[in-house]
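Novice: Build the full structure now, drawing on both the sequences and the hints.
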Amino acid sequence: MNAIEFDNCSILFGKDSKHALSLADEGMERPAIKEATGCVLGAHNASLSVAEGEIVVLMGLSGSGKSTLLRAVNGLNDVTRGDVRVRMGSRMVSVPDADRACLRALRLGHVSMVFQQFGLLPWRSVAENIGLGLELAGATPASRRARVDAQLAAVGLDGWADRPVAELSGGMQQRVGLARAFATEAPILLMDEPFSALDPLIRSRLQDELLDLQRESRRTILFVSHDLDEAFKLGNRIALMDGGRIVQTGTAREILARPANDYVADFVSHLNPLDVLTASDLAEAGKADGSPLPADMPLKQVLSALADNTACPVAGGGVITRDAVLRRLAAA
Amino acid sequence: MARLTTRLADWFAGEKIPVGDTADRVFDWLTVNASGLFDAIAAGMQAMIDAILWALITPPPLAVIAVFMLIALLLQRHWLTVIGVMLGFLYILNQGYWEETMQSLTLVLASCLVCMAIGVPTGIALAHRPRLYSWTRPLLDLMQTLPSFVYLIPAIVFFGIGLVPGLIATVIFVLPAPIRLTQLGISSTPVALREAATAFGATPRQLLWKVELPSALPQIMAGLNQTIMLSLSMVVIAALVGASGLGVPVVRALNSVNTGLGFESGMVIVVVAVMLDRMLRVRRKS
Ligand SMILES: Nc1ncnc2c1ncn2[C@@H]1O[C@H](COP(=O)(O)OP(=O)(O)OP(=O)(O)O)[C@@H](O)[C@H]1O
Ligand SMILES: [Mg+2]
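Read top to bottom, the protein sequences are chains Y and V. Residue numbering for the first sequence is 601 to 932, as defined by our numbering. Residue numbering for the second sequence is 65 to 350, as defined by our numbering.
Bear in mind the hints are in silico, worked out from the structure with no lab data behind them. Heads up, some of the hints might be wrong.
Claimed, not checked - If you anchor each label on the Cβ, the simulated ranges turn out as follows:
hint: 1; chain 1: Y; residue 1: Met-601; chain 2: V; residue 2: Arg-141; range: 29 to 37 Å
hint: 2; chain 1: Y; residue 1: Ala-742; chain 2: V; residue 2: Ala-104; range: 39 to 47 Å
hint: 3; chain 1: Y; residue 1: Ala-742; chain 2: V; residue 2: Asp-205; range: 46 to 54 Å
Claimed, not checked - Listing some non-contacts, in silico: residues in chain V with all C-beta distances to chain Y over 10 Å:
hint: 4; residue: Gly-78
hint: 5; residue: Phe-91
hint: 6; residue: Leu-126
hint: 7; residue: Ile-135
hint: 8; residue: Ile-147
hint: 9; residue: Glu-163
hint: 10; residue: Ile-220
hint: 11; residue: Thr-267
hint: 12; residue: Val-321
hint: 13; residue: Val-335
Stated by the list, open to error - Chain Y regions said to be covered by chain V (calculated; three or more residues, Cβ under 8 Å):
hint: 14; stretch: 712 to 721
hint: 15; stretch: 792 to 806
Nothing here was measured: the structure is a model prediction, and the numbers come from that model. Note that the Cβ used here is the ideal one computed from N, Cα and C, for glycine as well.
Specialist: Encoded structure:
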């Protein structure tokens, strides 16, 4: 079941968006459209679905439209054409068509968000920040307290409840941001480069914590990142964006094995294929002797099998040759 | 050539733009048609002034001083300020200006109440309507730059003499300050904070109360501080329309060229100004 569906979603910033859209449909790029109409192409004909419980990472260079697309999910950006649908219980709700009450219900209980610059209210304490979503929904202070305390414990900030957030370090502030997003118990989480402002050690620790939290509570996460390692670590699937368009969607393996174009190939070029690819990715038609290697065997282990044979059969058909692997590694 | 410029100048002077006449006509029209409104305003202001004055004059001075010290303590949590407030009031008592000071404080407090009650909501409304704000800015500039004496004339026409016309002239002169600062505070709320609250489902009203107003609080408090200082600066001018208070001895000293009296009463005004400023200073820890 899908939790989020982008359906040919186009987002333009500016007045003459009709004309700009038709230019975008003709395949014109962002700078040319800006020149001709004054409109900025945020995203164009983006289609993507995120299954319940899945983590999908939106990736791309700065300005490729990741945030723009993400912010359409909770209505922070208006959709110019196409649709974005979000699961609310048993039905899918179209965000562009939602009325005010529906949009508010969506934000209060179904979609929450974590921001790159944290977005915490500096005059409030840690607990008051975490309880923000519940407070906006009208929960009484007493009923908020229990949930806030649980979240404080979950992100390892117990004992900090009554401190002003301004006193906290960046890493701790983003923990507050995570706790605030988790506190509303919204099943869908939007995260816009939540860890980019943090130093590498803290970043990697928070990534692990996020994975732990996600395992426990099975949220659906749409995550924006421009860090390839982060994307491959967190994402079940990755959607690569360029100039407002999604150029390829797939698992890390799929993207590395079959990059859709040069931009994608360039993007993933400094990833180590040994860490990502498996035997079936490099299998070719043909036959070889010996016991077949499992299709999902990591390339590293395939290498040691190929040390003794020039070719090995792969379970499910095909063979993997020493030459093919060497060629692939040389290309990286 | 010379003849031409002379004729041009003559023609120019002959066709005087009727600024004064228009103002006259507007005020005449208002006196005839809106006297009911002005009477109602005057009655309301008078009631407020009477209430504040009663609260300041009736208790013994030492009790009033204690209350002000308590307020200073609650607002600043700083012992030096509290002691300063005490010394300031004792100095006033010593100089024999207690009643005049209370009358002037009444004017200042009343002006604060009116200016903040009108200024803060207006500032919020203007911050949410940038277009309207750019249109009202010339009006705000005019209100602040027109010499404050000018307000005294219509104030007398509509409200007679006493504390009420003094208050009205003060309010017109001071009002732009809290409007401006509130507008500035609200419109400089970081977009990131506004978006975060929106993303968590804040309604426009919740956004105002939970994000914009807390974020604008330092500026709003600065507006209050300015309101008080500007109101105090109007005390002497208000005395010209018969508002009792610290301005009266200053004006008397001026009329009789009495340097001693002038300095004595002037110093009291300074002491009041310093005390109020220290009491209401905003220090935000961040
Ligand atoms: N509110 C807006 N008004 C006008 N243009 C906008 C707006 N928001 C984004 N854009 C433009 O849309 C394009 C895509 O921006 P977006 O923020 O989605 O990029 P991004 O992929 O998130 O980049 P980054 O990694 O820098 O955050 C950019 O050219 C940006 O200038
Ligand atoms: Mg972004």
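Novice: Each of the hints needs a verdict: does it hold here or not?
Specialist: How the hints compare with the structure:
no.: 1; hint: Y:Met-601 to V:Arg-141: 29 to 37 Å; verdict: 56 Å, violated
no.: 2; hint: Y:Ala-742 to V:Ala-104: 39 to 47 Å; verdict: 46 Å, holds
no.: 3; hint: Y:Ala-742 to V:Asp-205: 46 to 54 Å; verdict: 50 Å, holds
no.: 4; hint: Gly-78; verdict: 49 Å, holds
no.: 5; hint: Phe-91; verdict: 46 Å, holds
no.: 6; hint: Leu-126; verdict: 37 Å, holds
no.: 7; hint: Ile-135; verdict: 22 Å, holds
no.: 8; hint: Ile-147; verdict: 29 Å, holds
no.: 9; hint: Glu-163; verdict: 41 Å, holds
no.: 10; hint: Ile-220; verdict: 45 Å, holds
no.: 11; hint: Thr-267; verdict: 7 Å, violated
no.: 12; hint: Val-321; verdict: 53 Å, holds
no.: 13; hint: Val-335; verdict: 33 Å, holds
no.: 14; hint: 712 to 721; verdict: holds (count 7)
no.: 15; hint: 792 to 806; verdict: violated (count 0)
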